[in-house]
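Just so you know, the protein sequences line up as chains A and B, in that order.
Every number in our numbering is 5 more than the matching position in the first sequence, counting from 1.
Every number in our numbering is 5 more than the matching position in the second sequence, counting from 1.
By construction, these hints were calculated from the structure, which means they are not laboratory data.
Keep in mind that this is a model prediction, so the values were computed, not measured.
Be aware that one or more of the hints could be misleading.
It does not matter which identical chain is used: a pair holds within one copy or between any two.
Mimicking DMTMM-like on lysine to aspartate or glutamate, the simulated pairs with C-alpha atoms at most 25 Å apart in a straight line are [as the list claims (entries may be wrong)]:
1. Lys55 x Glu322
2. Lys177 x Glu150
3. Lys55 x Glu34
4. Lys254 x Asp128
5. Lys38 x Glu28
Number of protein chains: 2
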Amino acid sequence: MSHRYDVLAVGNAIVDVIARAEEAFLEAEGIAKGSMRLISAEEATALYAKMGPGREVSGGSAANSCAGIAALGGQAAFIGRVSDDQLGAVFAHDIRAAGVDFRTPPATGGRPTGQCLILVTPDGQRTMNTYLGSCQELDEDDVDEERVRASAVTYLEGYLWDPEAPIRACRKAIAVAKAAGRTVAMTLSDVFCVEGHRADFLELLTGPVDLVFANENEAKALFRTTDTEQAIAAMARAARLAVVTRSEKGAVVVEGHARWDVPAAPVSRVLDTTGAGDLFAAGFLAGYTRGRPLPECAVMGTVAASEVIEHYGARPESDLVARVEAAFARV
Amino acid sequence: MSHRYDVLAVGNAIVDVIARAEEAFLEAEGIAKGSMRLISAEEATALYAKMGPGREVSGGSAANSCAGIAALGGQAAFIGRVSDDQLGAVFAHDIRAAGVDFRTPPATGGRPTGQCLILVTPDGQRTMNTYLGSCQELDEDDVDEERVRASAVTYLEGYLWDPEAPIRACRKAIAVAKAAGRTVAMTLSDVFCVEGHRADFLELLTGPVDLVFANENEAKALFRTTDTEQAIAAMARAARLAVVTRSEKGAVVVEGHARWDVPAAPVSRVLDTTGAGDLFAAGFLAGYTRGRPLPECAVMGTVAASEVIEHYGARPESDLVARVEAAFARV
Numbered sequence: 006m007s008h009r010y011d012v013l014a015v016g017n018a019i020v021d022v023i024a025r026a027e028e029a030f031l032e033a034e035g036i037a038k039g040s041m042r043l044i045s046a047e048e049a050t051a052l053y054a055k056m057g058p059g060r061e062v063s064g065g066s067a068a069n070s071c072a073g074i075a076a077l078g079g080q081a082a083f084i085g086r087v088s089d090d091q092l093g094a095v096f097a098h099d100i101r102a103a104g105v106d107f108r109t110p111p112a113t114g115g116r117p118t119g120q121c122l123i124l125v126t127p128d129g130q131r132t133m134n135t136y137l138g139s140c141q142e143l144d145e146d147d148v149d150e151e152r153v154r155a156s157a158v159t160y161l162e163g164y165l166w167d168p169e170a171p172i173r174a175c176r177k178a179i180a181v182a183k184a185a186g187r188t189v190a191m192t193l194s195d196v197f198c199v200e201g202h203r204a205d206f207l208e209l210l211t212g213p214v215d216l217v218f219a220n221e222n223e224a225k226a227l228f229r230t231t232d233t234e235q236a237i238a239a240m241a242r243a244a245r246l247a248v249v250t251r252s253e254k255g256a257v258v259v260e261g262h263a264r265w266d267v268p269a270a271p272v273s274r275v276l277d278t279t280g281a282g283d284l285f286a287a288g289f290l291a292g293y294t295r296g297r298p299l300p301e302c303a304v305m306g307t308v309a310a311s312e313v314i315e316h317y318g319a320r321p322e323s324d325l326v327a328r329v330e331a332a333f334a335r336v
Numbered sequence: 006m007s008h009r010y011d012v013l014a015v016g017n018a019i020v021d022v023i024a025r026a027e028e029a030f031l032e033a034e035g036i037a038k039g040s041m042r043l044i045s046a047e048e049a050t051a052l053y054a055k056m057g058p059g060r061e062v063s064g065g066s067a068a069n070s071c072a073g074i075a076a077l078g079g080q081a082a083f084i085g086r087v088s089d090d091q092l093g094a095v096f097a098h099d100i101r102a103a104g105v106d107f108r109t110p111p112a113t114g115g116r117p118t119g120q121c122l123i124l125v126t127p128d129g130q131r132t133m134n135t136y137l138g139s140c141q142e143l144d145e146d147d148v149d150e151e152r153v154r155a156s157a158v159t160y161l162e163g164y165l166w167d168p169e170a171p172i173r174a175c176r177k178a179i180a181v182a183k184a185a186g187r188t189v190a191m192t193l194s195d196v197f198c199v200e201g202h203r204a205d206f207l208e209l210l211t212g213p214v215d216l217v218f219a220n221e222n223e224a225k226a227l228f229r230t231t232d233t234e235q236a237i238a239a240m241a242r243a244a245r246l247a248v249v250t251r252s253e254k255g256a257v258v259v260e261g262h263a264r265w266d267v268p269a270a271p272v273s274r275v276l277d278t279t280g281a282g283d284l285f286a287a288g289f290l291a292g293y294t295r296g297r298p299l300p301e302c303a304v305m306g307t308v309a310a311s312e313v314i315e316h317y318g319a320r321p322e323s324d325l326v327a328r329v330e331a332a333f334a335r336v
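Using the sequences provided together with the hints, build the complete structure.
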């Protein structure tokens, strides 16, 4: 079945505000290191005032994945809601300039474009404080059925499972993709999302979702275990195809009784881990939609993730295709 | 004479939009590599649409210098006009978070905050396309006389010599500083500025300005020579104290018949030269206001400049004090 897009993703349209921070700052603010949490406009203003100088870079989990897929030569489209403001213009510019088809009209007159205040500690770990803003105004009308049908994979981020309207948008995208015989993929996004929407996520995984991405903490939270191997085994039973990412330990792909373990790609320096999971998904999906064997898809994921760890910001800055080719040349 | 600020700077309040670009892109757009040019709102919109994904980082020449002075432990204040918009909030946050006293109220309802679209080629050279926006609305009322009098050095950027209102602000700052027996410093900023305001700049240099910063191209343009040594000699005759920066060739300080040549500081990689001149001025002024000998001030300038070249963005990201200490330990 021919398709126009390899991957169409639905996600939060976010601009990241990245600042370095010491561990002591996180402690003083009572923010759990490495986590993602949702904050109100007032909390965002208060936290921003205390943060160091920032840099603004377009982000959003599924949007970062789209940028990675495009950087790897794939055709990607993104659906997400910015506002009609300067940061919305920045988001729209950056994703289009990355080669991603983005047409969702901006919200007008309401909340500003979503922002993620990211504190990066000296060890490269990122702690995310997200003000969703206009992301909450994404609704099912924004999901263009014709484009979903024209996409080999429809990819959803678990972060959307918070306000009602974006969930409706996801459910519509799933229904249209399934009716068209397309693949539905999703990421569990964060332990916070898994704990808040565990029943929904399990239903999706055992139902319409064909391919799921989770890191080991998310997998453990989903199956209420503290044991990674138990979580992987449970994932293999629940999902048709699943990938569990394990940071410096690489990734595990499970499909029924089959399992492949892939090591992490070498990293020259760990500067900012923001987007590592998003770029893993990008590399995997870029391989998957080209029909590459599953362990090769996972290698592409680890290589794409390794690039984004080496600099601030969650979108690729150097030649991902060359990096993937070099990785396969080493094998 | 005691003072509250080591340096009070008046400059354009700009947010940089930094994107990588190939040489061919500059050629196709007819933009001279390495230059600074002023563009209209329409030109900015058209160029931005063609640029690659960007990162937004606070900039502005004198503002960058203030951030550097603060990073070196100095007391810095900045006067410049943002607009009451998201990028204006970014600029205000970043300069305050850098430890710089910034109080100029934002403009409301008019032009947006100034932006500099910076194209960085693979050799690390930066080409700047500046839309001044609300910077043009800086006026003499924004120059707080009490704060000028409380500053050891009042520092002005040549970039301000374009619209009438900012020039009035500069002239007021100069008059107040001189009346209070303070030091007035300025940077010639760009060949474009020198060529447009040559007579004004010569009058300032031979008149109220006590300390002038220029790179070798600006010095050559000012004295209409193609010979660097002739330009340096002319600078020594015209100015009371001058520093001519020469990129990888280091810097030359001239004061009357005295001259000191200082080599460039080692750089691990040349990623983005934006802000190198601004940080040179920061390092020099930080030393100068602490009464260090002139060649040591120049070494501090080269060290501060070397840090900012190694990453994208024109403000320091690592510990400048440690870097300066390491440089003096090597001597």
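Now for the hints, and whether the structure bears them out:
no., hint, in the structure
1, Lys55 x Glu322, "between (29 Å within a copy, 17 Å between copies)"
2, Lys177 x Glu150, "within (8 Å within a copy, 62 Å between copies)"
3, Lys55 x Glu34, "within (10 Å within a copy, 41 Å between copies)"
4, Lys254 x Asp128, "within (17 Å within a copy, 36 Å between copies)"
5, Lys38 x Glu28, "within (8 Å within a copy, 42 Å between copies)"
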